[in-house]
Each structure stands twice: as structure tokens, then as C-alpha cells.
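Based on these hints, arrange chains C and V on the given structure of chain F.
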Amino acid sequence: MTAAAHDSATSAATGTLPPRLLEIDNLSVAFPTRSGPVFGVKGVTMNVGARERIGVVGESGSGKSVTALAALGLVQAPGRIVGGTVRWQGRDLFDPEVAAQVRGREIAMIFQDPMASLTALMSIERQICEVLTKRVGMSRHDARRRALELLELVGIANPKDRLKQFPFEFSGGMRQRVMIAIALAAEPKLLIADEPTTALDVTIQAQILALLKNLSEELDVAVMMITHDLGVVAEFCDRVQVMYAGRIVERSPVEPMFGAPLHPYSSGLISSSPRVDVVRDRLSSIPGDPAPHADAVPGCPFSVRCPEVGDRCRQENPPLIEVGNRRWVACWKRMPGNA
Amino acid sequence: MTEVEALLRPADAVAESAPARKREFFRELSRSGTGLVGAVFLLLVLIAAVFAPLLSPHDPNAQDLAVRLQPPILFGGHADHLLGTDQLGRDLLSRMFYGARVSMLVAVSVVAVAGSVGIFLGLVSGYFGGLLDTIIMRFADTQLAFPGLLLALIILYTIGPSVKLLVIVLAINGWLVYARIVRGLVLSVKSAEYVEAAEIVGAKSLRIMTRHIIPNIASPILTLLVLEFARIILAEAALSFLGYGVQPPQSSWGLIIGQGQDYLTVGWWLVAIPGITICLTVLSANLLASWLRIYADPRQRERRFGKQLDALMEVKA
Amino acid sequence: MAWFLVKRLLQGVLVMVLVASAVFLITRVVTNPALAFLPLNASKAQRADTLAYLGLDKSLLAQYWTYLGQLAHLDFGNSFFIQGESAFKIVRDAVPATLLLDTVAIVIALVIAMPLGIIAALRPGSKLDKATTTVSLLGLSAPQFWLGFMLVLIFGVHLKWFPTSGDLGPTAIVLPALALALPTAGKIAQLMRSAMIDELDQPYILTARSKGMGGFHRIYHHALRHCLVTVMTQASFEYARMLAGYTVVVEVVFAWPGLGQLTVQALNDQDLVVLQAIVIVTAGLIVLVNLITDILYSVIDPRIEATA
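Just so you know, the sequences run in chain order F, C and V.
So that you can map any letter, position 204 of the first sequence is 198 in the numbering used here, and since no number is skipped, the others follow by simple counting.
So that you can map any letter, position 315 of the second sequence is 451 in the numbering used here, and since no number is skipped, the others follow by simple counting.
So that you can map any letter, position 4 of the third sequence is 12 in the numbering used here, and since no number is skipped, the others follow by simple counting.
Think of the hints as simulated: they come from the structure by calculation, not from any bench.
Per label pair, the in silico range of CB-to-CB distance: (1) Ser29(F) <-> Ile300(V): 52 to 58 Å; (2) Ala328(C) <-> Glu316(F): 47 to 53 Å; (3) Ser29(F) <-> Leu179(C): 30 to 36 Å; (4) Trp11(V) <-> Pro268(F): 48 to 54 Å; (5) Glu332(C) <-> Gly253(F): 42 to 48 Å.
Chain C stretches covered by chain V per the calculated footprint, using a threshold of three residues with CB under 8 Å from any CB of chain V: (6) 284 to 290; (7) 365 to 378; (8) 394 to 402.
These numbers come from a predicted model, not from an experiment.
In this text, a Cβ means the ideal position worked out from N, Cα and C, and glycines have one as well.
Bound conformation, chain F alone:
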């Protein structure tokens, strides 16, 4: 076990926290519509420590991607950040100068569809090197050497020949590896991965996750894994935040959550995952549709679909409260001292 992995495991087990890198505090993002502002993200607080692998899980539209984009100041107009703060190693990430410095160099991001997220008509050499030559100030020669290193690191054969090629000349899994190489070029401390395996075959998925795990440990990089796939979370993450309708509804280290989920939504998610080891006639699912946005209903956004819903749930939105062992939940039915 590498030092980094050991650190992570120790922290998770003993409860000592690794030094904090990214601190998102009470973040809210809203989009203007004809019927008024709609909150894609509301009151979200999360932290990522050095070398941690945290997961952000939720259905489409739960606000998980927007949270990450907002942290980097990449939310596209007309959406805008309307509350909260984001700090990176103590610096205010909303300050455009800080953000410009941090993007690509200290925090990097990889996206879901590598075919669409890579520049089709630019060689991958240029795509890897541009951060190095234009922002880090490396010479083209040095940058090229680093690019070759990176391609080897992510497991691409014949890196010398491949450098001059274009994204369409790579297969899906290879393209995602290229994206990872690009992201890691300037040695960031945090890698945000927005559904990196969703567009890939299951076997390739496993390879990419293993790659990310290795790289995270070897290179001392924290990873924020955004996904809707609980399997990915179980495989990859140390801690997880569950998001629903723009809010965090549960936060917990991974093992305890899968063993005994606190929030009814988390339980629903876990039990609706198809399992190969259990024979069932019907897949269980959570009835109803995901809430369209944070304020769609008064009270808890999940109340419309919750099997345990009570009166208070329908009227008041439960706050996110720590219930012991670094586990947090936002549910009236799980309040300490509540039935």
C-alpha cells in the first residue's frame, strides 16, 4: 500500500481529517426562467481533502455536475452563482484571478464524453501541451517530453506515434485516457471527474477506474468522482455525498453507507441497483420522477416519493445534520431522538 493510500484509509478509519483542499460552503446556483429563478444547486457544502477520493452521486438533474462547474467558475450564463463561497487552499475561488490561476494547474477536470470533450481538429500533443507551454511556461521540447511521459502513464502504447494523431483516431477508452493525461499534465492536486465512465463499455469502465485509482495514489491527487452509478462509488470512493434536487441529502464514508444507508433516497438507490447474486422477479425502483429543482415542493424535495414520508417532511425542508461517525443526513425521520 502506498503512503497516500495508507493515509486515506487511516483517516477514514480513525476520523482524522486530511488537510482540506477544496471547501465548498453553502453554494447555490440559479437559472432564470420564465416562471422565475430555478435553483439547480441549493445550500451545498462539501470538502475535499488531500488525496481523498470522494464521490458525488445522484440522478440526472440532481445538481452534481453544476456544483463542480460552479466551484471552478465554469457555470454557463444565464445560470449564475447566487450564494455561498468556495475556497481552494484558503483562497477565494470566486475571485477571477485566483480561478484563472487554479484552473488546469491546481484543479483539473475530465468529462463524460471524450469524443465531444476533446477538440476534434487539434492533435493530442497540442491538447496536452498547451497548458504547459502557455501557462506553465515550459519550452515546447520539455512539454513534448512530459506529454510522452503522460501517455505512457495512462497506458497508451506507442506514445511517440500517437502524439501527432487526432482524437478520432483513438478508441473510446483510449480517448478517456488521453483526457486524463491532459488533465494531469500540470500536476494538479485535485481532479474532478464528471461521469468519466458513463459513456464507456463496462470492461473499459473497470480499466479506467483502476487507472484513476492508481494515478490518484501514485501522484498524490485527490479525486472528486461525480456519477450516478453506485457501483463506481463502491469501487472507487472513500467518502460519498448523495445529492437530490440540488441538495445534499446524505454524506458518509462509503462502507457504512452501503451497509446501512440513512436517507430513504440512498436506500432506494442502493436497492434499485440490479444485482447478479440475488434472484429477483422485478427490479425495484423508486416510484415517481426526480424533482425538477430544489424548490419544486415545499418541505423535503424527496417527500413526494418517500416511503416513510410524514407531515413535517411535507412542510419543512430538513437540514443536513451530523448523526455520528462522520455521517450526515437530511431527513426528519433520522434525526437523533426522532421516530
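Frame of chain F; chains C and V shown alone:
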């Protein structure tokens, strides 16, 4: 309602609330700024064209050599001839009104003829595909390389120019734009899920076409019609300018320029004014088309709305 | 790649044959050839001679065959007006002037339009965008010949900056090229703007933003190439359209000694032979332009070569 019928809803909704959609259309247009300006100007030109005999202060062909080459009123002319006169003393304003008549007539006719043929062929080609599609598209491809204006000139020259022939020639020149674009639109809509659903349920082709495909491509087609209208005005002006379009004693804006070109230095208004009018008319059509394009695409519409609102909005967490 | 070019060339030849046939139909079948090919005041003897010369006394199919054969040898017949001169030679001599004018015009158009379109795309909906869009729309709405006259009036007559007609000195090309270029520039600017706006919306631009690459860098290094195919298609189309007709009106206004001027002259001289030659040669030029465009496509977008 069965689940399948529910699936068919999106396009059904389009067809059903047609009167409500019309009202919304005009409401959006009136709020649009440049789109409205374009629409209004075009309307004015059309009115001028239709009511030319009533609006013209003089007979467009009445010559009066005593007042030849009089400048427009703002440049030292006479209230009698607001836009001045040409080398034969004919009133420019009246000639402009009658010219509007012919130019509009040609443009509308060509768009109607070329549009009907082109849209029909595009629909058929896109929806049924197969050999018919290949033939039509090959034909369209080769016609791309035809030197359009030159061929038009030769035809008009050898047969003899007339308004009827002009319309035919311009229509033959112009049908393929409609066919191509409509075909493209049909192809993209055809692969949408609600059309697949309709086919599975067993709806007949004609019904699918009229209830599902056409309503969804109506807006881009309307935009295309307006753009083509603009293009035909320019083409007719060029041909008339060269002397092979509209013939005297009828007038058209291009013809007026052609007749006035020798007097450029002494009678600049004979060239400037018809030209500005052509320019403004075509500009109006383009403004209207730009607005239509945005209106037709709900995503663009919402984005525009979002931007407008974003600037004004105060959002509290 | 080579196979692709050969295919396109063959297509081009087919197109030429079609155009030539269309011309044949128009001049021999649709109209009375006797009337069309002769000046109005021809004598009876001249008529008989010409009919025999043109082979109009033979069957239609035979005529068609002879016609195609002659064309294959670049024999378009002799001009009526200038007795004995090969029509092909007359047309060929006028081609360079037109090509020069059109090429300068398209270059000016691209130089104006591309930056304009990019600037407008930077902040869609802003005042700058609205201003550039209005200017573009104004430009593309103006009839080229009228624009020519206005340019002549303002810059040639009143300001006396440029000559207004005739000789081929370097300044003489400015006004006519501008008259052709401005409407085209308007179209291309609009296209560039919308292509760029679409590109800037794409996921790969988000990736570039997340890497901290600046706005100009994203536009110039990432997005621009993707817009080029669309813009080039339009530019080539505009060039072909210039060749196919709009040069005619501009050359007339400026008395520019190219194909357009020749066309009008031939019309006045009732020289149908020369007119025929002009149309067919122009079709050939257009085919060539399309071919060159195809080659340029594969240079800009390596994906095209891979699949063609």
C-alpha cells in the same frame, strides 16, 4: 389514453393549439424589435405595390421634358415630384410605386412556384427515400454547377424577355434550395421518436406527414421562403438592370436603375433611390428571417429570454 | 484520395455535358435557330449559308452529335460579329480579367468578414454584436450593381480617390472588387458568427475553459478550425455565384474587360456563338472551383480524408 397515444402527444399538441400558437407568434413578433421593423417595412412595400394606382401622384409613363432631371424635393426639387424626375420627365415616385408592383409580383410568384415544387419534392425525397430520393438529389447536385444568371440571360435573350418567362426562369433556378433544405429537415425529424412511434402504431404516411412532420418543419421553411424572397428581388433587379428582365413600358426598380445609369452624374437619384429601396426591402426580409429563425428554435428562444432576464434579475438564495 | 478526385472530375465532366446540352436545347430546339443565330438584317443568302454552316439542315440528333464532338475539341464555332475569330479564343482571353476581379473580391470579403463574425460571436446579443450584425445584413442586402454605382459616385466622382472604369492598373480594381466583396462579406460574416457561436457552445470548449485557456486562445486555436469548413463552403459557393453571374453586372458598371462585359457585348451584338461559349466555359470554371474546394476540405479536416 394508452401509453402509446401519450407518446404521440408532443406533435399532437402542436397541431391542436394552432390558433393559440398563431396568437403567440404575433405577440412575440411585436416584441421583437428588428423583426418587427422588417415585417412592417415589407408590409408597407406590399401595400405600395397593391395600391400603386391609388398612391401614385402621376402616370408613371407620362413624359414631360420641361421638368426633366429634376432632383428630389430635399435636394432642391419641387413638391410636384417628391423624388424627382428622370431624363424624360417621368415622375420617379410613381415609377417606384409601379415598380414595386412588378418586383413584388415577380418575387412572390417565383417563391410560390419554386417553393411549391421544391418543398413537395423535398418532402417526398426525404420521407420516402430510395431511388426517387437519389434521382432528385443527383439532379439538384448537378444543377448547383450551372451558371444560373448566365443561363437565365441566354434563355431570356433567345426566347424574348417577358415577365412570365422571367418568373419561369427564376423558378427553375431556385427550386433546388427548397428541395435540399426540406429534405434535410424531413430526415432529421423522421428519425425522431414520436414519428417512429406513429409508424409502429400503423399511422399512414400521409397522416404522419401532415400531423407530425410538417408542423415541426413549418418554421424553418417559413424562414427559407422569406430569405428566398429577398434573393429573388435581387436577382430580378439584376436581370432587369441588364435589360433582360422586366421590359418597358412596365417598370421595376432594377429597370429604373438600368435606364438611369447613363445619367449617374447629373441625375444620381435615379440610381440611388431605387437602389436604396431594393436594399431596404431585402434588408427587411433578412431581419424578419433572422427573427423567425430564433423564434423557430425553442432553445434559442429560451436562451435569449434567459439573457434578457439575467441582466434584470435579482436572485436571492 | 486520388480516387476521390477522379470521381469528382468525372462528375464535373458529366455536369459540363449537361450544361452544354441545356444550351443546345435552348438555342436549337426551344427557339427558332434561324432567328437566334442571325442578326436581324441578314440577307436570304446569308441565312442559307449560316444554316448550312451550322448544320441546321441536318437532323437534330446529328446536330447534337456534331455539337458535342466540336465541344470536345474546344471548338465553339466562330464568332458572328468578329468574323473568323474563334469564339473559344475570345472567351478565353476574357477569363483572366474576371478571375482576377473575383479572386480579389473574395479575398477582401474573407478578410473583412471573418474577424467581423468572430467579434460578433464573442458576446452574442451585445451592442457590438448587434452593430456588426446590422452592418453585415445591410451589406448583403445591397444589389452589387447599385453598390458599384454608389462607390463610383462617392469615391470615384466626388472624392476622386479611385478611377471609375477601364484600365487594369492596381487602383482600378478596388472599386469593382469592393462592389462584389461587400455583399459576400455580409453573408460570410453572418455565417462565421453563427458557426462560431455554435462551436463555442460545444463540450470541448468547456474542457479548454477548465484548463484555464483564455478566450482568444479558445477561439483561435480550438474553435476556428471547426468553423472553417462551413465558411469555406459558403465562400466557394459565393465565388461560383460571382463567376456565374454577378460579375456581369459589376463589370458592366465599371467597364471591366472580363467575361461579364463580354456577355453583355455578345448580347448586344446578337452573337449567340460567343454566348454559348461563355456559358460552357463558365460551367467549366465552376466545376474547377468546386474541385479545389473539395481538396481544401480534406486539408482542413483530416477526418474527411479518412472517410472519403
